[in-house]
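Residue numbers for the sequence shown follow full-length UniProt numbering, so the first one is 1 and each next one is one higher.
Source of the hints: derived by calculation from the structure; they are not laboratory data.
Here the structure is a predicted model, which means the values were calculated and not measured.
Every residue gets a Cβ at the ideal spot worked out from N, C-alpha and C, and that includes glycine.
Treat the hints with care, as some may be off.
Okay, the calculated beta carbon distance ranges per label pair [stated by the list, open to error]: (1) Arg-177 - Leu-84: 26 to 34 Å; (2) Thr-183 - Arg-139: 45 to 53 Å; (3) Arg-139 - Leu-116: 32 to 40 Å; (4) His-230 - Thr-123: 25 to 33 Å; (5) Ile-215 - Ser-170: 45 to 53 Å; (6) Trp-229 - Glu-136: 40 to 48 Å; (7) Thr-123 - Pro-185: 40 to 48 Å; (8) Glu-195 - Pro-122: 18 to 26 Å.
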Amino acid sequence: MCPKISQPTDWAGGGLLSIVKLEQSEKAGGRMTTSPSPKILLAKPGLVGVGGGADEEATTASMRSRLPPVGSLNLLSDSWDFHLDRFLPFLTDNTDFTVVGVIGPPGVGKSTLLNLIYGFDPTSPGMLPPFSVQSEETRANARHCTTGIEPRISSERFILLDTQPVFSPSVLAEMTRPDGSSTVPLLTAETVSSELAHQVLGIQLGILLASVCHIVLVVSEGAHDPNMWHFMSSVDLLKHGIPDPSSVTLHSHSSNLGSDKDKKDKLHGGEEYMATPIFVHTK
């Protein structure tokens, strides 16, 4: 059965994270402006030639064909720290990319959906293997396939981010100590229960995707999944309540909260960004 796709129209824009730089374009000769979109800064000039055009593409393909094989390019460690060293050799300084992330519960077809967008071609030099999908053995053992964030770059200039499932019993079991505490530390050194850490990390994952992606695919089995609707509502509320640490106005806002009008002006002034969510129902 083909997935059903629905897209809400009342999501606001926002912005976060150092690997994304916001830019806002203005329509010439008019007063209407386009919504801000993230500009992906993939600074790796060693893979790109100076000439540009076809020579640039040929040089990039040649360099990538000599890259060593990589089994996993996971962007998160077991302790949820970012490590990008393995992924950087596959990037260029070209900024004309569309970033698509996916999030949802286990077994709903998130990796399968991204593989359709990825369009894996085994004859293409340097192309990474497709995302792992759930096998019968994995399903029988109630295990999840994806851990952390797995990236891929397609030939159609898509950067795809496959994420571990939310509301996953197997993820919760992996991060639970015998005493019930979490093996993954949060921002504070205080020990918390694995259930609370699992919920917080899932929301952090959603906020991250909303900050760095152009499009976030929210996948569920049906349109009436209250858990995912509540989850994305929490992501939306928290995303707009977290200040951008790189903002030059952060100090002034922390010392003087200002009026509601100032906050609304900041929101509509293009200083924040939020990805466009597309809800995909696979049944």
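Hints versus structure:
One distance hint, 26 to 34 Å for the beta-carbon pair Arg-177 and Leu-84, holds here, with the actual separation near 29 Å. Remark: the range hint 45 to 53 Å for Thr-183 to Arg-139 is contradicted by a beta-carbon distance near 25 Å. Taken as a hint, the range 32 to 40 Å is violated for the pair Arg-139 and Leu-116, whose Cβ atoms sit roughly 20 Å apart. Separation of His-230 from Thr-123 is about 44 Å and departs from the stated range, judged on CB atoms against 25 to 33 Å.
For the hinted restraint 45 to 53 Å between Ile-215 and Ser-170, the CB-CB distance of approximately 27 Å leaves it violated. Taking 40 to 48 Å as the suggested C-beta distance range, the pair Trp-229 and Glu-136 does not conform, at roughly 30 Å. For the pair Thr-123 and Pro-185, the supplied restraint of 40 to 48 Å holds, since their beta-carbon distance comes to about 44 Å. With their beta carbons about 42 Å apart, Glu-195 and Pro-122 fall outside the hinted range of 18 to 26 Å.
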